[in-house]
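J.: Listed here are the chains, written in short residue letters.
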Amino acid sequence: MLHSSIDRAAHATPPVLARRIRGLSDRAIAWIFVAPSIVLLLAINIFPLIWTVRLSFTNFRVNRPNEPVQFVGLRNYLNILTDKDIWLTMQATAHFLIWTIVLQVLIGFALAYLINKKFRGNDLWTTIIVLPMMLSPAVVGNFWTFLYQPQIGLFNYAIGFLTGADPSSFSMIGDTSLAPWAIIIVDTWMWTPFVMLICLAGLRSIPSSIYEAAECDRASSWRQFWTITIPMVLPFLMLAILFRGIENFKMFDLVVQLTGGGPGSITELTSINLKREAFEKWRTGYASAYAVILFVTVFGLASIYVKALNKVKQR
Amino acid sequence: MSSFSVTEPSAPQKWFAGTLVVLYAVITILPLLWIIGTGFKSPSDAIAYPPKTFFEPTLEGYVNLFTTRTRVSEEQLKEMGEPKTWYERLVRKDGLIIAGPSRFPERFYNSVIIGFGSTVLCIVLGTAAAYAFSRFKVPLKDDLLFFILSTRMMPPIAVAIPIFLMFRSLGLNDTHAGMILLYTAVNLSLSVWLLKGFIDEIPIEYEEAALIDGYTRFQAFYKVVLPQAATGIASTAIFCLIFAWNEYAFAVLLTSGTAQTAPPFIPTIIGVGGQDWPAVAAGATLFLVPVMVFTILLRKHLLRGITFGAVRK
Chain C
1 MLHSSIDRAA
11 HATPPVLARR
21 IRGLSDRAIA
31 WIFVAPSIVL
41 LLAINIFPLI
51 WTVRLSFTNF
61 RVNRPNEPVQ
71 FVGLRNYLNI
81 LTDKDIWLTM
91 QATAHFLIWT
101 IVLQVLIGFA
111 LAYLINKKFR
121 GNDLWTTIIV
131 LPMMLSPAVV
141 GNFWTFLYQP
151 QIGLFNYAIG
161 FLTGADPSSF
171 SMIGDTSLAP
181 WAIIIVDTWM
191 WTPFVMLICL
201 AGLRSIPSSI
211 YEAAECDRAS
221 SWRQFWTITI
231 PMVLPFLMLA
241 ILFRGIENFK
251 MFDLVVQLTG
261 GGPGSITELT
271 SINLKREAFE
281 KWRTGYASAY
291 AVILFVTVFG
301 LASIYVKALN
311 KVKQR
Chain E
1001 MSSFSVTEPS
1011 APQKWFAGTL
1021 VVLYAVITIL
1031 PLLWIIGTGF
1041 KSPSDAIAYP
1051 PKTFFEPTLE
1061 GYVNLFTTRT
1071 RVSEEQLKEM
1081 GEPKTWYERL
1091 VRKDGLIIAG
1101 PSRFPERFYN
1111 SVIIGFGSTV
1121 LCIVLGTAAA
1131 YAFSRFKVPL
1141 KDDLLFFILS
1151 TRMMPPIAVA
1161 IPIFLMFRSL
1171 GLNDTHAGMI
1181 LLYTAVNLSL
1191 SVWLLKGFID
1201 EIPIEYEEAA
1211 LIDGYTRFQA
1221 FYKVVLPQAA
1231 TGIASTAIFC
1241 LIFAWNEYAF
1251 AVLLTSGTAQ
1261 TAPPFIPTII
1271 GVGGQDWPAV
1281 AAGATLFLVP
1291 VMVFTILLRK
1301 HLLRGITFGA
1311 VRK
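If you read the protein sequences in the order shown, they are chains C and E.
So the first sequence is numbered by my numbering: it starts at 1 and just counts up by one.
So the second sequence is numbered by my numbering: it starts at 1001 and just counts up by one.
Just so you know, these hints were derived from the structure itself, not from any lab.
The beta carbon of each residue, even a glycine, is placed where N, CA and C say it ideally should be.
Since no wrong hints were added, every one of them can be taken at face value.
Here are a few chain C residues that face chain E, going by a calculated C-beta distance under 10 Å:
no. : residue
1   : Leu49
2   : Gly141
3   : Phe146
4   : Pro193
Which bits of chain C does chain E cover? Going by a derived footprint, with three or more residues having C-beta under 8 Å, they are:
no. : region
5   : 241 to 253
6   : 278 to 284
7   : 298 to 311
Chain E extracted, bound-state conformation (with noise of 0.2 Å):
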């Protein structure tokens, strides 16, 4: 574009307006930097006041996450000895012992299976599903696809009635298997959308191409359409993940013990004597950290997967 365009803004305004937009993402980050930071303080220095920007960073928060403490009287402190790896040390300070693991590990695990285990159910139906929605007449063909975009519109709440019965019949309340399949549901009209919109936009001689030269339908789909659709499938598949790995209406309400999710978990993280503010930040990080990953690596592709695919670049 040359400089003498009228839709190119002047030096002034991109000055004017990159100061405000500076100015607005630091305001936005600064929570999540805040939740990063606390999660290296120390419970004092977490809840001082004024807040502190500052701060010799523990990690405390961490033990914390992964462990329970109990407190015992200092003659029993000094017969147990010298505390032998730096987290014993760490926890000794304050007049505690670590009793064993916490429940946290087991809940982030309980998160990456059934964010995992729905991601692909999701996307081998998904993809299916979009491939015939793409290329082939199917009867009634626009009502099932608002029929699939319309169960996004149900809350919660609304539905889950009927599926806690349901589960506590099947036996799937609280398994990872009940909620593998539930989000699966949630996500998958997000998955055929979106996957559709990729698959529309292959030219459709390719496969025209291989089936005339000799390949079946089943072979065309996978040795043609599936590699040329390898990037769709893979950001539909971090959205399918994210929105698994961030549900909570569900996990909360259908899972307390062996299934139960991070999200439901991470709030309850209660230390001796208060909200532990440290570990909770240190869990949250954890859990936050990651999505942050993976927002940065989706960028191009993130206003088409929100949008269903209503919106492309």
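So here's chain C without its partners, still in its complex pose (with noise of 0.2 Å):
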């Protein structure tokens, strides 16, 4: 549309003028506009993610340059998909993204529900409650390692007030059957308001007179909950899913200044470990490879779980 009117107009004017109305051609803007993007993307992710690839197939260290570089093949690969301790790393991540998915649903969910119900001042209070999301995960991390203190913190002192327990008698973050729960309660924290409010997207654009319809047919409450509430929200839902499945398998600023991964290695998640054999233990070649694994797993489950969203949506 917009061309065939650009077109009309230069050919119903003089050669001169034309080119004034058109300067560079559509195609040369549309270059010059999109170009530096991609360069610095193609600079900065692509060719670092190829030099990953590349680093991947050698046994390079980069504390060591004048050691010789060998080729060996897929030996890094075969190393850490046979590493008892990586499998253990996947875990601990599973658990983590598991519990954190659920849970952020469930309340998210509910509170997106309770919001809807109009009552006064949802507005305000919806703020309040979004405020977490928007923080810095290191910083708010690192301050609550202080509220998990065992004697002297806030969260340790409102469980013992609340069960009775002796605020002292447990560590969120040094024991190692609470460590996990420590770092899924605060990013359940941080992030139950995101699943919260692409919810209440959902919510709020369910035509009002689809209920009323279903009053109309007697439909009870329940029922109206299961068959509209539910199925409507749902391609939300999912969605909201998707993008804290991807987050938190990346899950590193947060888990670091928690626990840092301890204690023993409970909580490494799998960045927090791929950053201690890539920074700590400098063993490049073997971290790339490790790097190029959690890469294909995540776009690859990205993408799998990208089709059944676009079928939910179709239905």
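Mind docking these for me? Both chains are given alone in their own frames, and the hints should help you get the complex.
T.: Set out below in structure tokens:
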């Protein structure tokens, strides 16, 4: 449409004027506008990625630049996939992923459902609930270690107050059985509002006429909830899960500051483990292979998930 | 909506929902209020048991945040005479003297420079690309847009190794320029996707009219489209700024001295004997409060920003 109107204008005017109207051709402008972004992303994202793939087939170590670099084929990959510790790391990541998503979906949806009851002042309270989400995970995670202190921490005090347990009898970060939950609690605190906001958009997108029709058909409110509300919110909810899934698969800053992967390596998620291999043990080639495996995993899972999401949307 | 509408919740329902939501909001805001409060506590109040809700406010945490202190003997303290400033007096109380400024202002300044620098670049590049994607037939448009989005899926640590090597050979390690470029690349996907959404919403007829009136494409872009997209550009800029501001993984791996930002620095604030929680809390407060203010300003566009424009209200 745009082209035709410009062309018409251009044909109807003398050549000199036509050139002034069009200036550079649209195609040239499009390239001038897009190219800088693409070049930057190629330089700082794709080039490093290709480099990572190349390094992953070698035994290169950054801290030993003078050693000859050898091509080792798939040995790094085989070593990683047969390493028991890495599978434990993957399990810790899966535990973290599944529980944060379950909790955030349940609480986030419930909150959105309640806020959608349009009580007075709901906007104000929504804004307050949303605050933790935008804050720096590293700084917040660091401060939570203070709230989790066994004797003096606010969290332990509150739990002690509510359950009668002695606040100094447990350490959320120090106990191997509690540490995985310590990171889940903080992540849920930070990111439930994200799921809540998306669910709220979903709930508000349902036209009230559907409920009115259901009411005419004397559908119970329970039935309305399961046959109208849930199916209509589902695509939104799945989108929220996709975002949370990708973000938490990459999780680094919050957990590093909270537990640093400890105690032992109970909360050592894949990103933390990778950082250790790459920047503490300096096994560059090995860590590169590890990075490639992680990237392929997240990309593969996300693609499969997006296909499922599109199916739900089409229904 | 009439009071007989079936979709309007009843008064008791509203009360019930309101009470639960307010309860959740109070619990969720408590840790943040605790951070702000701890910043005004004395070190002994901060680690008191049971945790103190009411306390005598002091600026000790903030003084400790901005200074380094050393312990001196009592005789030396007497020789020095009366403290001249209020902050000297606060520090002397514990038998310490101020040895010099801390590194916090530098780190904070680095965060500001890198945050704003990358935001400006991100917006300039992002607006141009978004305009082209929105208005022109770019070959492989969908693939390029998906490629831009997919750069966000990479765990930062996964590309950190080659970036570290690349920056080292280019002399960009631990420099403002390097971090600005890096954060621009990280946030570019967000900026392109969000801005494309905003520009898509501007009716194309305005530009057509301008073109027919004799404007060139560039003129139409900056005289017609840019003013219309101003709100969208502003909210996108705030998102880029917040994400760059909060970034930690690259900052901790690629900066150590001159270009280190605040997030890796704040957790390392240590006082005389153990972690100085009031000082950490003071630093965290100064760092987090601007983001809280921006979040409140952004609340209408929040959903759009965090979902890369996938969900619009």
